[in-house]
Amino acid sequence: MSPKHNRVSKLLFLGVAGSVTSVVWAATPPSTAITPGPEKSEVEVQTLYLNKDSVRPNRYTGPVKEGEELSVDVEIIQKNEKKDNRFTHLQVQGAGTNHPYLRARVGEQGNYSAQVEYRERPKYQYLDLQAPFAGNSLLLPQLQSGEQLADHTDSFDIMHKRAITRLSGQKVIDPRWRMNLVVNREDKTGSDLQGFGSWFNRTGFQMPSPINQRTDQIGVSLEYFTPKMQGRIGYNLSQFRQLDNNYFFVQDPNSLNINAPDTKMLSLAPENNFYQANASMAYSISNATKISTELDVARAEQDDEIVHDITFNDVLAALNGNSLNATLDTTRFGVRATHRLNQGIMLRANYRFDDRDSQRRQYNNLKSEFGKLRDTRSHDYTRHSADLDANVSLFGNSNLLVGAKVAKIDRNKELSDRSNTEEATAHFRLRSRWGSQLSTGIKGSYGQRTGSTYEDNITSNNEALRKYHLASVNRSQAVLNATWNALDSLALGVEVTWKEDDYTKSELGLTNDQRMATTITADYFPSNRLSGTLFATLESGTRKQAGITEQLKHDMSTYTFGLSGKGKVTADGRWNLGSDIIVMTSDIDIKASSGANYSTLKSNLKELSLYGDWLAKENLTLKLAYLVQDYKEADWALGYAITPNANNTGNYWLMGAPVYDETVQIVVGSLAYRF
Amino acid sequence: MQSNFWSKALSHFLLTGLAALLFFSSPTIAADAEKIAEDIEQELRLVQPLLSDKHEADLRAHISLMYESPHAVESDPRTPAGFAKDGKVTMMCFACHGTNFEHFFKLGEDVTSNTVNSTCMGCHAGGDRMHWSGGPHELGNMACIDCHRMHNKNERLLRTTTQLELCTSCHLERRSDFNRPYHHPVKEGQLVCTECHNPHGTLTPTLLRGSDVNETCYQCHAEKRGPFMWEHEPVREACINCHNPHGSVNPAMLNSRPAQLCQSCHLTDNAHPADLMGNKPNEIMQVGKGCVNCHSQVHGSNHPGGSFFRQ
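Which chain is which? The protein sequence lines are V and R, in order. In terms of the numbering used here, the first sequence has 436 at position 451, counting the first letter as 1, and numbering is strictly consecutive. Plus 1 on top of the position in the second sequence (first one is 1) and you've got the numbering used here.
Hints listed in this document are in silico derivations from the structure and should not be mistaken for laboratory results. Mixed in with the good hints there might be a few duds.
Said to hold, decoys possible - Pairs of lysine-lysine residues, derived as PhoX-like cross-links and limited to a Cα-Cα distance of at most 25 Å, are as follows:
no., chain 1, residue 1, chain 2, residue 2
1, R, K188, V, K213
2, V, K37, R, K188
3, V, K108, R, K154
4, V, K587, R, K154
5, V, K551, R, K188
6, V, K108, R, K89
7, R, K188, V, K602
8, V, K551, R, K154
9, V, K352, R, K154
10, V, K156, R, K86
11, R, K225, V, K25
12, V, K146, R, K225
13, V, K156, V, K108
14, V, K156, R, K154
15, V, K50, R, K188
Unchecked claim - To spell it out: a stretch of chain R is covered by chain V in this simulated footprint if at least three of its residues, at any positions, have a beta carbon under 8 Å from a beta carbon of chain V; those stretches are:
no., region
16, 96 to 107
17, 141 to 154
18, 184 to 192
Beta carbons are placed, not taken as given, at the ideal position from N, Cα and C, and that holds for glycine.
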């Protein structure tokens, strides 16, 4: 029996495809390897029942509406490794649902493989939000005398779906050369929850903004392999397109005359292209010395038409042409060398160069929406980083790693005190084994970044924009861990992690971010019929920010607990049961020195799943799973009525994103037949 | 409502159970693999009787698993089975276990990490494993068999059913991250760790597959790539300036919530965005999506009125 059918995740989250990736060129290349496991032909019919409308448990797969869902999985593996290397593998999951997955793979191990995949991947954010737009458009209804816009709201589900088609293949040219090809198309459609407004006018509204876009990607690479030297060269292309326009229109529900409303023209992401050539190599100079290197040269370009909103004719008139004609050229080079001095000492050195060069027709000093000239903030930098490490085997069974890293970034077009940042970090790690049952580890690092400082007495908004990601910071980290095989059947583990970013030279903005996490694990295997795993993590953190007139402190704690167990009820494994429990609670407290009262933000998840399968006959398996999820949250930012000025929120139309407090149950039953 | 739910659930289960009774056929058995495994088991017990008894209670089943894996394809001359067929070794098992079954890959007992890795890398050094040497997993003294198991039916020969189980057995905090309310859909099976990371080694930080953080993210979020007419520099530097890609308690996997996150940088001595969080928890700058209620194009804008990312 395939191990995957013992896991409730495979029952409840239909459309799972094991370790198959969907990312294109940077993903694991296709392989000619034959599919492991015996030949098989199996059909599985699943029926799922969801007891209420909810996006929480099935956000990434569906279903989200109360009711039943029927789906079919098929898997056919044919191969004959005794006679030849050929194989075929057909896999269908979730047929009949809104998250189907299809994979068909053919090949001959050591010669070639070809694969076609199709997948639909939904993401549900909200159900039944309300907005005063008519139907699926972003137009306002016509009101009769005496009617209010709030009386004419429609219901909107905020969700999107990615439909991904992928062709991939590998050809083994000879024992040293392989060629890979991946072609990928992703269409993303649906809606997103977007806002528009003006703080100064105290008006605004949320809307379901449209998503209708396509990304095409191609990746081709040639690999070379010998035991002494390995190499790869590749070329990748990506095109992002809007299938409609790169803008959309929406009527403003805050218009003075609703029957002749103001229409806003809002932008969507502009179309872009990306081209990349890359080459990498690893070479063993000797048994003790190896060198690896990588180079990639890429260009991102965007020449989409700038949104022609005539409300901003003065800005448009000042532009040089009607498109950006922007390119971002990147050059990245990395090299690593390792040398084993002797059995006990290994040295490693790394260097990395990263350059970004931005060119555009519209450069600095464009007229902004408020009439002032503003920088478009295009981003260039050059980064050098280098590190050196030594890995030393100590007496007994201990291993010590020590090292240091330096980095420098030079940025163009930044104010003088922010253009350069320099970083220096020292780190160490000591791992020890105490007999055959106990191993321990301790790790630490301390780094300093020298960059912009931020002191009081700001005199303009531009100076106030300190940019914490460039600021001087002391960065510390420490980790302690231990694993103890208390018994042959019991392994215990503990890990404590502490991190702090201390912006010691900053008097405004983020000044300190500190986190600590403690995790314990236990794995219990008393026999080959029973196993159990437990983990618990407590994470706490404090984030401090300093303002001009007040201070802010954000305290966060998250507790996660998981317990799972599975076992063979019968010794022959024909009847198996399993269970998983997950508990997650999170509290966030925000305290402002002014005494503003923010109630605690809470998230609380409890989930129990039970599953079992029964091998009724040699070719027939029945499976049943049950999941109950209870999710509660407290969030002072949500749960407001949709109409403006509700609860003193200002003249802003919200769509009523809810505060969740619900319990959801799912039952899945399936029948798998092998023929 | 509860009784309706249970009656529906029960009826569905009974329907599928009824359908099950309609199907009968003879079971199929991989007869060839069974016979081969029996032969090998007998020979192995002759060659190494003590080790065989010590290490494998069910040797035949263990061998059978190998015979259904890519390493056992005889017609592929690169595999251990291919070596045996070409006469390079007298039995495919010797190619990995040694000519007299010197070891059974019990780390710390009969083999070291270096020995294991040398065995595997003799054939698998290329491709994704090109930069294994000097990578953090190699420096951590990890062996291939810490993650992979050759006698296995898993598609990538992983020791566990899923990547998430495997990776979080060491990277414990990630197990909690993916259970937070807002996370990439890894535990739902829609993504796997190797979409973003190459555990075998890269020359980029944190074993990312893309040339840096942003390039990794743009492979699925190409609409964020730009360049844009109006840029937002922390976005261009690194997506992780604002986001936690594994999981967060904050919507959109943010490191903290707007307006807090935004006011790490954006402070003014005048009315807006003014000082920290104001003193009205129900202000429009804080409810809903906070600053993004108005500044929705926070990743960049191609609109003439987009200098403040409102359009």
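Results for each hint:
Annotation: proposed proximity of K188/R to K213/V is violated, straight-line Cα distance about 39 Å (limit 25 Å). With a C-alpha separation of about 22 Å, the suggested pairing of K37/V with K188/R holds against the 25 Å cut-off. Of the supplied pair hints, the one linking K108/V and K154/R is violated, its CA atoms being roughly 31 Å apart against a limit of 25 Å. For the proposed pair K587/V and K154/R, the alpha carbon gap of about 43 Å is over 25 Å, so the pair is violated.
Between K551/V and K188/R, the direct Cα distance comes to roughly 18 Å. Compliance with the 25 Å bound is thereby established for this hinted pair. Only pairs whose Cα atoms come within 25 Å are accepted, and K108/V paired with K89/R is rejected, the gap being roughly 53 Å. Taken as a hint, the K188/R and K602/V pair is broken in the structure, with Cα atoms around 31 Å apart against an allowance of 25 Å. Under the criterion of a C-alpha separation no larger than 25 Å, the hint pairing K551/V with K154/R is consistent with the structure, at around 19 Å.
Straight-line distance between C-alpha atoms of K352/V and K154/R comes to about 63 Å, which puts the hinted pair past the 25 Å bound. Annotation: proposed proximity of K156/V to K86/R holds, straight-line Cα distance about 23 Å (limit 25 Å). Straight-line distance between C-alpha atoms of K225/R and K25/V comes to about 43 Å, which puts the hinted pair past the 25 Å bound. Proximity of K146/V to K225/R is assessed by CA-CA distance (about 17 Å); at most 25 Å being required, the pair is judged to hold.
With a C-alpha separation of about 35 Å, the suggested pairing of K156/V with K108/V is violated against the 25 Å cut-off. This hinted pair checks out: K156/V and K154/R have alpha carbons roughly 24 Å apart, not beyond 25 Å. Between the alpha carbons of K50/V and K188/R the distance comes to roughly 21 Å, so the proposed pair stays at or under 25 Å and holds. Coverage of the region 96 to 107 of chain R by chain V is violated in this model, with 0 residues showing a Cβ closer than 8 Å to a Cβ of that chain against a need of three.
With 4 residues carrying a beta carbon less than 8 Å from a beta carbon of chain V, the region 141 to 154 of chain R meets the three-residue requirement, and the given coverage holds. With a cut-off of 8 Å between beta carbons, the region 184 to 192 of chain R has 6 residues touching chain V; three or more are needed, and the interface restraint holds.
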